[in-house]
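Colleague: First to last, the sequence lines map onto chains A and B. Position 328 (the first sequence) corresponds to 328 in UniProt numbering; numbering is contiguous. Position 281 (the second sequence) corresponds to 281 in UniProt numbering; numbering is contiguous.
Keep in mind the hints are simulated off the structure, nothing from the lab. Careful, some of the hints might be misleading.
Identical chains blur together in the list; that is why a pair holds if it fits in one copy or across any two.
Derived pair list, reagent style EDC-like, types lysine to aspartate or glutamate, alpha-carbon separation capped at 20 angstroms [stated by the list, open to error]:
#1 181 - 310
#2 349 - 99
#3 355 - 169
#4 181 - 267
#5 138 - 88
#6 181 - 304
#7 6 - 25
#8 135 - 169
#9 355 - 340
#10 183 - 113
#11 349 - 11
#12 138 - 113
#13 64 - 88
#14 6 - 99
#15 6 - 102
#16 138 - 109
#17 138 - 200
Note that the structure is predicted; figures quoted are calculated from it, not measured.
So the chains spell out like this:
There are 2 protein chains.
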Amino acid sequence: MIELLKRHIGEPLDSLMTPMPVIDEDRLAANIARVQSYMDEHELAFRPHIKTHKIPALAAQQVKAGARGINCQKVTEAEVFADAGFDDILITFNLMGHERLDRLQALNDRIGDLKVVADSAVTIAGLSAQFAGAKPLKVLVECDTGGGRCGVQTPERALELARLIAGSDGLSFVGLLTYPKAKGETETEAFFRAAMALLDAEGIDCPIRSNGGTPSLFSAHLVPSATEHRAGTYIYNDRSIVRAGHVGLEDCAMQILATVVSRPTGDRAVIDAGSKTLTSDLLGFADFGHVVEYPQASIIGLSEEHGTIDLSACTGGRPEIGERIRIIPNHTCVVTNLFDALAFHRDGKVTRVEKVAARGLVW
Amino acid sequence: MIELLKRHIGEPLDSLMTPMPVIDEDRLAANIARVQSYMDEHELAFRPHIKTHKIPALAAQQVKAGARGINCQKVTEAEVFADAGFDDILITFNLMGHERLDRLQALNDRIGDLKVVADSAVTIAGLSAQFAGAKPLKVLVECDTGGGRCGVQTPERALELARLIAGSDGLSFVGLLTYPKAKGETETEAFFRAAMALLDAEGIDCPIRSNGGTPSLFSAHLVPSATEHRAGTYIYNDRSIVRAGHVGLEDCAMQILATVVSRPTGDRAVIDAGSKTLTSDLLGFADFGHVVEYPQASIIGLSEEHGTIDLSACTGGRPEIGERIRIIPNHTCVVTNLFDALAFHRDGKVTRVEKVAARGLVW
Chain A
1 MIELLKRHIG EPLDSLMTPM PVIDEDRLAA NIARVQSYMD EHELAFRPHI KTHKIPALAA
61 QQVKAGARGI NCQKVTEAEV FADAGFDDIL ITFNLMGHER LDRLQALNDR IGDLKVVADS
121 AVTIAGLSAQ FAGAKPLKVL VECDTGGGRC GVQTPERALE LARLIAGSDG LSFVGLLTYP
181 KAKGETETEA FFRAAMALLD AEGIDCPIRS NGGTPSLFSA HLVPSATEHR AGTYIYNDRS
241 IVRAGHVGLE DCAMQILATV VSRPTGDRAV IDAGSKTLTS DLLGFADFGH VVEYPQASII
301 GLSEEHGTID LSACTGGRPE IGERIRIIPN HTCVVTNLFD ALAFHRDGKV TRVEKVAARG
361 LVW
Chain B
1 MIELLKRHIG EPLDSLMTPM PVIDEDRLAA NIARVQSYMD EHELAFRPHI KTHKIPALAA
61 QQVKAGARGI NCQKVTEAEV FADAGFDDIL ITFNLMGHER LDRLQALNDR IGDLKVVADS
121 AVTIAGLSAQ FAGAKPLKVL VECDTGGGRC GVQTPERALE LARLIAGSDG LSFVGLLTYP
181 KAKGETETEA FFRAAMALLD AEGIDCPIRS NGGTPSLFSA HLVPSATEHR AGTYIYNDRS
241 IVRAGHVGLE DCAMQILATV VSRPTGDRAV IDAGSKTLTS DLLGFADFGH VVEYPQASII
301 GLSEEHGTID LSACTGGRPE IGERIRIIPN HTCVVTNLFD ALAFHRDGKV TRVEKVAARG
361 LVW
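With the rest of the complex left out, here is chain A:
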């Protein structure tokens, strides 16, 4: 597929077949620059999460702008980025399983600065059993500061696990990490501060306090205890990030090109983008994406390769069969994950095609 797409480089964007996610080069560059500038201003190390793009060339743009290292969610993703030369990788996952840990160890042996997280004695025991006698693995304790996913529930438990890591063969404790809830700055700061005080009282060094998330990205400075911030979605932005404030629809670098293939009734259009293009991620919205040309239109239903649009609220024109529309997705990160390659554009022309190199990897 990538070869087919590459034939369009230099051609008009509209020469691409649909459905196809395309990335606006200028918006992409502006998103990277704006966030890096904010982080620089607040003296926060910035660690982009590559889950959003899974493309080494984009991580290189992020690092060139000033990012310090990258964030992956899987060992196999990290391998792709290590192959591309990235040397500072944080994997924010409780990693377990023989095959996965073997690969993690091989990865640790070949890059300079690999870090992982743990939130239980079981995870720590597994890591220690693997890394005892090998090059030590850096481990952060994951803290649940309100996000309600993984993480220890109290600063006291963070201390216990830090102690356990520090005392485990093959492991080195390097800090705390949270994936917070939106607008959870107060809770996160309180948790970090309390845990740091407990660690300090025992003389355990805690150089990294890693905070994260795009929706509350521009509030990262409200967590002064944090030393770094992680974010992924900001590079493209999407409808959910627009809703969070701070950015507008014009800051969304990813749009999905789609074609109206049917107009069964006056109020209904059907496009060639369904759940295998847009995904079913609603993220609190009532419909499946924002139609740029017809903002009053509502993508009310998705089957796998069809999207059904309700046009009844459209007071202006309505799209005709064969017409192309552009959609800003609810959630970019899951769209990326459906396509083997994406096309980029500037001034209405295709500039490049990038393979989504870390897509479809497991473990």
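Could you slot chain B onto chain A? The hints should help.
Modeller: Frame of chain A; chain B shown alone:
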């Protein structure tokens, strides 16, 4: 990835890393046999939709059992199956766009029996412009018999389009097609019957009346005007099909192996399967899949690589960190589309690994 998986052939199923969708060979074979037997009994031609598996070897099992041809949704999918030797392919999509139609024509030239659908004069004009002077393309008129997606709204309009197809260079009218709503047999039969009467009155032959869908599959005989039925999901089944009746959880051939990676609280477990494994398809359910070992557990939230499970209703045991669980997904067809390869098993051992050959194709 496929090479990594193939190393596990012959090994215990539990040797596979998670998250991983796996297919039970015996359930798969039983699902194929049961549906084919029903169709044979009712003298309906059966045309499996390959969207569910996208694997030529499985389509071969379906055809070997008695299916007559296959159903694809994209030209590029059909190409993969044509490469694998399938000669009777129906693409149920209003196909348009220069590149797509060029490929469609090349496909028509190399297989014996290619058919597509159209529900508008625009689609028909595009097909005719492409196929005029070439080997004629067979076209069915898509009818909206209550499904509310694509399709002409009335039998009278079906007649008009049939007339248009029959009178268009390069095209041949071969029948009617619907993707009906669940339990829409009465409406579908009435629509087909009325359209057939109109066509008959004009002397237009209408050899194919194609009905479809898995949820109402075992009511296909309630549409006696239909000559064939199309269905995809039945080969694996999933939670949504179980809800529709006729099959049970024990008939679901696909399960997703996942590992509990965190137990932050007594009531919360986090697994390594998120929306990039299970997808966010709810299909009317309140949660994201059925946990086989803990049926009272509820997968209440998905982030991309984490699934959050509420255990508060579990009256028996609760899973521990490191424990493996199996999940029956809400919707199999979208899970397939996320993985480059799937593993199959029988008697607790991995039997084979199949590449999801038509995954990630566009157009």
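Colleague: Run every hint past the structure and note whether it holds.
Modeller: Verification of the supplied hints:
For a Cα distance limit of 20 angstroms, the shortest separation of residue 181 from residue 310 across copies, 18 angstroms, qualifies, whereas the shortest one inside one copy, 33 angstroms, does not. Proximity of residue 349 and residue 99 under a CA criterion of 20 angstroms is satisfied inter-copy only: 18 angstroms between copies versus 44 angstroms inside one chain copy. For the identical chains of this complex, residue 355 and residue 169 are neighbours neither inside a copy (39 angstroms) nor across copies (40 angstroms), given an alpha-carbon limit of 20 angstroms. Proximity of residue 181 and residue 267 under a CA criterion of 20 angstroms is satisfied inter-copy only: 19 angstroms between copies versus 39 angstroms inside one chain copy.
Taking the shortest alpha-carbon separations for residue 138 and residue 88, only the intra-copy value of 11 angstroms comes in at or below 20 angstroms, while the best inter-copy value is 57 angstroms. In this homomeric assembly, residue 181 and residue 304 come within 20 angstroms of each other (Cα to Cα) only across copies, at 15 angstroms, whereas the closest approach inside a single copy is 31 angstroms. Taking the shortest alpha-carbon separations for residue 6 and residue 25, only the intra-copy value of 16 angstroms comes in at or below 20 angstroms, while the best inter-copy value is 39 angstroms. Taking the shortest alpha-carbon separations for residue 135 and residue 169, only the intra-copy value of 10 angstroms comes in at or below 20 angstroms, while the best inter-copy value is 71 angstroms.
Both within a single protomer and between protomers do residue 355 and residue 340 lie at most 20 angstroms apart by alpha-carbon distance, with minima of 6 angstroms and 15 angstroms respectively. Taking the closest pair of Cα atoms, residue 183 and residue 113 never come within 20 angstroms of each other, the shortest separation being 31 angstroms inside a single copy and 58 angstroms across copies. For the homomeric pair residue 349 and residue 11, the shortest alpha-carbon distance inside one copy (5 angstroms) is at most 20 angstroms, but the shortest distance between copies (50 angstroms) is not. In the homo-oligomer, the alpha carbons of residue 138 and residue 113 lie at most 20 angstroms apart inside one protomer (8 angstroms), although the nearest pairing across protomers, at 60 angstroms, exceeds that limit.
Taking the closest pair of Cα atoms, residue 64 and residue 88 come within 20 angstroms of each other only inside a single copy of the chain (14 angstroms); across copies the shortest separation is 52 angstroms, beyond that limit. For the identical chains of this complex, residue 6 and residue 99 are inter-copy neighbours only, at 14 angstroms across copies versus 36 angstroms inside a copy, given an alpha-carbon limit of 20 angstroms. With identical chains, the CA atoms of residue 6 and residue 102 are at most 20 angstroms apart between copies only, with a shortest distance of 18 angstroms across copies and 37 angstroms within one. For the identical chains of this complex, residue 138 and residue 109 are intra-copy neighbours only, at 12 angstroms inside a copy versus 59 angstroms across copies, given an alpha-carbon limit of 20 angstroms.
Proximity of residue 138 to residue 200 under the C-alpha cut-off of 20 angstroms is restricted to the intra-copy arrangement: shortest distance 19 angstroms within a copy versus 76 angstroms between copies.
Comparing the model with each earlier hint shows violations of hints 3 and 10; every other hint is respected.
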